[in-house]
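Based on the sequences and whatever the hints tell you, model everything.
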Amino acid sequence: DAKTTQPPSMDCAEGRAANLPCNHSTISGNEYVYWYRQIHSQGPQYIIHGLKNNETNEMASLIITEDRKSSTLILPHATLRDTAVYYCIVSSYNNQGGKLIFGQGTELSVKP
Amino acid sequence: ETGVTQTPRHLVMGMTNKKSLKCEQHLGHNAMYWYKQSAKKPLELMFVYNFKEQTENNSVPSRFSPECPNSSHLFLHLHTLQPEDSALYLCASSQGGWASGRGSQETQYFGPGTRLLVL
Numbered sequence: 542d543a544k545t546t547q548p549p550s551m552d553c554a555e556g557r558a559a560n561l562p563c564n565h566s567t568i569s570g571n572e573y574v575y576w577y578r579q580i581h582s583q584g585p586q587y588i589i590h591g592l593k594n595n596e597t598n599e600m601a602s603l604i605i606t607e608d609r610k611s612s613t614l615i616l617p618h619a620t621l622r623d624t625a626v627y628y629c630i631v632s633s634y635n636n637q638g639g640k641l642i643f644g645q646g647t648e649l650s651v652k653p
Numbered sequence: 628e629t630g631v632t633q634t635p636r637h638l639v640m641g642m643t644n645k646k647s648l649k650c651e652q653h654l655g656h657n658a659m660y661w662y663k664q665s666a667k668k669p670l671e672l673m674f675v676y677n678f679k680e681q682t683e684n685n686s687v688p689s690r691f692s693p694e695c696p697n698s699s700h701l702f703l704h705l706h707t708l709q710p711e712d713s714a715l716y717l718c719a720s721s722q723g724g725w726a727s728g729r730g731s732q733e734t735q736y737f738g739p740g741t742r743l744l745v746l
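Chains A and B are the protein sequences, given in the same order. With the first sequence counted from 1, adding 541 to any position gets you this note's numbering. With the second sequence counted from 1, adding 627 to any position gets you this note's numbering.
These aren't lab readings, by the way, just hints derived from the structure by calculation. Remember, it's a predicted structure, so these values are computed and weren't measured experimentally. Any given hint could turn out to be false.
[Claimed, not checked] Taking lysine to aspartate or glutamate pairs in the EDC-like style, the calculated list, with each CA pair at most 16 Å apart, reads:
1) B:Lys667 <-> B:Asp712
2) B:Lys668 <-> A:Asp623
3) A:Lys640 <-> B:Asp712
4) A:Lys610 <-> A:Glu572
5) B:Lys649 <-> B:Glu694
6) B:Lys668 <-> B:Glu628
7) B:Lys679 <-> B:Glu694
8) B:Lys663 <-> B:Asp712
9) A:Lys544 <-> B:Asp712
10) B:Lys645 <-> B:Glu683
11) A:Lys593 <-> A:Asp623
12) B:Lys667 <-> A:Glu648
13) A:Lys640 <-> B:Glu683
14) B:Lys667 <-> B:Glu711
15) A:Lys652 <-> A:Asp623
[To be verified] Partial pick of chain A residues on the chain B-facing surface, computed with a CB cut under 10 Å:
16) Gly556
17) Tyr573
18) Tyr575
19) Ile642
Backbone N, C-alpha and C fix where the C-beta goes; we use that ideal spot for every residue, glycine too.
Below, the structure is given as structure tokens:
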């Protein structure tokens with residue numbers, strides 16, 4: 542499974558866009574990029590995922606570079622409730638199942 | 628609400644006790660997972676079940692015993708635990724089936740977790 546590298550922490554002003562980077566230089570062709578977040582002591586929450594194309598949903602946008610070696614999660618208008626640890630994960634599935642290998646993530650602090 | 632529930636939410640047990648954690652998913656999924664999250668550490672995958680069959684045991688000690696009676700329910704039976712087993716135990720589910728390229732169907736949805744303290 543490809544590994545990811547994320548900054549350990551970031552700050553963002555409330556109402557501004559939060560851009561969370563992720564490097565996954567060893568990603569292979571069948572591996573997806575997933576983003577989850579975990580608010581303190583709660584279960585991880587799925588945000589978005591993608592393979593090659595940029596993706597957008599009601600929570601966030603995912604920008605994947607053309608070479609797929611890095612990606613950026615964008616929260617367009619961060620609120621205080623977006624304060625959480627954000628995990629970037631690359632994952633693929635085979636006949637043995639799926640693995641989400643969680644790293645340390647980025648601790649995002651949204652400040653008033 | 629993710630459609631995955633876990634009970635109890637908090638559990639305190641002695642090292643000689645036997646207890647069980649329960650997970651139930653209401654999403655019609657076929658795969659279920661147990662993860663462990665110790666303080667200040669990333670989540671660690673423990674077990675994977677697909678259509679009630681165990682497909683992954685990530686070198687978990689035998690004092691943790693999973694059970695999957697059907698695709699909607701998953702249990703983790705605990706006995707003679709150690710204080711270092713204190714952690715947040717998370718259950719997740721996904722569509723299952725494991726066909727390659729089905730990234731959308733393999734998104735995992737997590738429950739709120741059980742906070743376990745072993746004294």
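Quick rundown of the hints versus the structure:
1. Between the alpha carbons of Lys667 (chain B) and Asp712 (chain B) the distance comes to roughly 14 Å, so the proposed pair stays at or under 16 Å and holds.
2. The hinted pair formed by Lys668 (chain B) and Asp623 (chain A) fails the criterion: a straight-line CA distance of about 21 Å is larger than 16 Å.
3. Taking the CA atoms of Lys640 (chain A) and Asp712 (chain B), the gap is about 22 Å. The hint is violated against a cut of 16 Å.
4. Between the alpha carbons of Lys610 (chain A) and Glu572 (chain A) the distance comes to roughly 11 Å, so the proposed pair stays at or under 16 Å and holds.
5. Note on Lys649 (chain B) and Glu694 (chain B): the hinted pairing holds, with a Cα-Cα distance of about 10 Å set against a maximum of 16 Å.
6. Of the pairs offered as hints, the one joining Lys668 (chain B) and Glu628 (chain B) is violated, with about 25 Å between alpha carbons and a cut-off of 16 Å exceeded.
7. Distance hint between Lys679 (chain B) and Glu694 (chain B) is fulfilled; the C-alpha atoms sit about 9 Å from each other, no more than 16 Å.
8. A C-alpha spacing of about 9 Å is found between Lys663 (chain B) and Asp712 (chain B), which places the hinted pair at or below 16 Å, so the restraint holds.
9. Proximity of Lys544 (chain A) to Asp712 (chain B) is assessed by CA-CA distance (about 26 Å); at most 16 Å being required, the pair is judged violated.
10. Taken as a hint, the Lys645 (chain B) and Glu683 (chain B) pair is broken in the structure, with Cα atoms around 23 Å apart against an allowance of 16 Å.
11. Taken as a hint, the Lys593 (chain A) and Asp623 (chain A) pair is broken in the structure, with Cα atoms around 26 Å apart against an allowance of 16 Å.
12. With a CA separation close to 12 Å, the supplied pair Lys667 (chain B) and Glu648 (chain A) stays within the 16 Å bound.
13. At most 16 Å may separate the alpha-carbon atoms for a hinted pair to count; Lys640 (chain A) and Glu683 (chain B) meet this at roughly 10 Å.
14. As the CA atoms of Lys667 (chain B) and Glu711 (chain B) are separated by approximately 13 Å, the hinted pair is consistent with the 16 Å bound.
15. Pair hint Lys652 (chain A) plus Asp623 (chain A) holds up; C-alpha atoms about 10 Å apart against a cutoff of 16 Å.
16. Residue-level restraint check for Gly556 (chain A) is violated (minimum Cβ-Cβ distance to chain B is 27 Å; threshold 10 Å).
17. Below 10 Å, beta-carbon pairs count as interface contacts, and Tyr573 (chain A) has one with chain B at about 4 Å; its hint therefore holds.
18. The interface hint given for Tyr575 (chain A) is met, as the beta carbon of that residue sits about 7 Å from the closest beta carbon of chain B, less than 10 Å.
19. At a threshold of 10 Å, the smallest CB-CB gap from Ile642 (chain A) to chain B is about 8 Å, leaving the interface hint in force.
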